[in-house]
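Student: Now for the letters of each chain:
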Amino acid sequence: MTHLPEIDALLTRPQFRLSAADKAAAMRAGLNRLVRHHRRHCPAYARLLDVFHPGFDHAERLADLPFLPVGLFRTHTLCSVPPSRAYRRLRSSGTTGGGRSEVVLDRATARLQARALAAVMTTLLGPRRRPMLIVDHEGLLRGGEADSARAAGILGMMTFGRDHLFVLDDDLALRWEPLQRWLDAHRDEPVLVFGFTFLLWRYLLQRLQAAGRSLRLSDAIVVHGGGWKKLIAEAVDRPTLHEVARSTLGRVRVHDFYGMVEQTGSVFLEGPDGLLHAPDFAEVIVREPGSWRPLPPGEPGVIQVLSLVPHSYPGHSLLTEDIGVVHDAAPTADGAWGGRRLQVLGRVPRAVLRGCSDTHQEAG
Amino acid sequence: MTALVQRAPRQAEIGLADLVDEARRFSARRPFDEDSLALCARVGRLLLDLPASRSWPELVALGYWLRPAALQHLADDFAALQAADPCWFQPRGLALHLPPRNVGTIAIHSWALSVLAGNGNIVRVSPRRTALSDALIGVLQQALADAPAELSFANRFVEWGHDREVLAALSSVARVRLIWGGDATVQELRAVPLPPRSIDLCFSDRWSAAILSADAFRALDEEGLDDLAHRFFNDAWWFDQRGCASPRLLAWVGEDTAPCTDELVARAASIARRRGWRPDAALAVERLGFATSAALDLPGVSAGYRAAEAEVLRLSSLRGLPRVHCGGGFFFHVELRSLAELVPHLQVRDQTLTWFGFSPEVLRTFVAALADRGVDRIVPMGHALRFSRYWDGHDLLQALTRRVHLVEHP
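Chains E and A are the protein sequences, given in the same order.
Residue numbering for the first sequence follows the working numbering, starting at 1 and increasing by one per position.
Residue numbering for the second sequence follows the working numbering, starting at 1001 and increasing by one per position.
FYI, nobody ran anything at the bench for these hints, they're computed from the structure.
Mixed in with the good hints, there may be bad ones.
One side only, chain A facing chain E, incomplete, derived with CB under 10 Å [to be verified]:
#, residue
1, Gly-1289
2, Ala-1295
3, Ser-1302
Non-contacting residues of chain E with respect to chain A, defined by C-beta distances greater than 10 Å in every case (computed) [unchecked claim]:
#, residue
4, Ala-26
5, Glu-243
6, His-327
Keep in mind it's a predicted model, so treat the numbers as computed, not measured.
For each residue, glycine too, the CB sits at the ideal point set by N, CA and C.
Produce the complete structure using the sequences and hints provided.
Tutor: See the structure below:
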């Protein structure tokens, strides 16, 4: 299955326009179709449906769709295409839970991922490519790490900019001189700054702040993602990040993003309200731990993400290991940023071991 | 010079070299002497009086285990054992306890048995303090303050992380070392040398199950069902089902038993719900991941009862059943024609079987068939987490004492 009419229609429009109800109507048929597709082509997925959802046919509501725990992709390879059609494997960067996720892409899914990301980013950035600063080091793209999530994220984003400059050297020091030349060349142009949240904070914003400098950009969009864990540990919150970004970069709009390698392309973006919004081909549901019932807005729980993008592996409905809360949609005049709004509160903590566990391995 | 924090008898800094030096001067006592019995009983009394005990049923259980009548019972058993043996039982000397990090009460159980055996003791306390560990330390400080100076001098609760130097120095004077922990930890700690005449008692990760008779279950009236559900709840939900002795599998002897598991688990789950037990996000996510993996990895799996508090996965066979477990109210179900069918699937790692509905004859036949397969405890449902001197295949009272063979007549 390479053509899914539902997602084609959704990808050709500007994103972040649909209300939750309109989105449910637009996605339901496609997601049900994906369930049938993966059940037919992925034996492991078919088995899980048989065990945990015997007799499942289709869901009337998005909340009734079966979901898989995202951690399953760390321990099992679930694939809905024959090995001959596997085109590349995407791996997550190793995190503290141990183990890396791996998903298998065929060409069609890889293409869909690229189109999905483009639909999100052109909604934010407009059709013209902006000169682009990348808060990372170019060495990341070389060597064995080319398939890592961080490198893939950078490569994916680079298509939306031009005149790219990696602002860090291999030791993560700021490359002042190339940066200065780049700034001189693009003075007064709208630009794009991209990087992972922690790198942006630690190696660009804090360095500039310590040096008492500002890049004095006149119109910049900053896109960052990858999680707040390290910043929270340093007691840096969103307003602080935004404030320091303004004082060290100039006139900027800062957009956090939330996504995962298992749903590449399906990027949630921070709107003007400081909350994350799902693109129109994706949705979020927050569930109560254990009972897994969907929670109403305002109640924190475990985040489930739904996306029409994953075709070559059953990643269309995943329970993440993140805690979050959805907020009521804000009414907007023009319909933009009108859908369900997500706030990510952090990772699910590792289980607190009570029992005959280790005497020893607790340095943490 | 390495300095350690001693938590009890008194909170104080103590140099490692000083502690080692003092440990050489700990005096051993006659097993079950009055002062040792009084100290243990005092700890039990203080635990039961602790307002915080309400939040920690394990503290109440420990207090109950240390009540004077129970201690006297232990003393009588020990005297009977001694009387029947040609040897004299004497303390080993210094016992070094390395308890698990989070079942704080386990350490107190094994410490108390060692005190009663007449040994001096150094107990490692995790530097990661919790409300529970602080409560326990408070009780120990109070009880040891009232004990004779010599007894209090010979019982130390000391905080250290995993500093090899500390472990090596204290091991060099230990006569018996008790190591609790995961397999890797036990291997690693065990590698630290002991004097040649000293011994290790190791308590590594274990796995446990319940064995039940479907006929007996079906014969229960409402009251009996409720009682059994409470017993099962106590076995499986304390410590979030992560205690080594908590059952992870329900193995039924009988036919058409899947509804039996669902009923028992559903009743226990509703007790859990009434008591406000909920899996936190970490446990819930881990349980979901474990169940999903198991459904892919094990043959012939189907889902049984599912709720927030518990989840059942039915197996068609015990082949390949993993001994790792997620905890948090997850149970495998399997049906057997007889207990004998279980034996070939048991492993050295298997510790406790909690039983329901079998006659002593059936249980004896089963035990006789175990041979070198696993399982060290077979106890009624509801007793899984009741600590006793018989633990992990040891009689701790015997293991913590040594034998002097006296031949009185030429």
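Student: What are the numbers of the hints the structure violates, in ascending order?
Tutor: none
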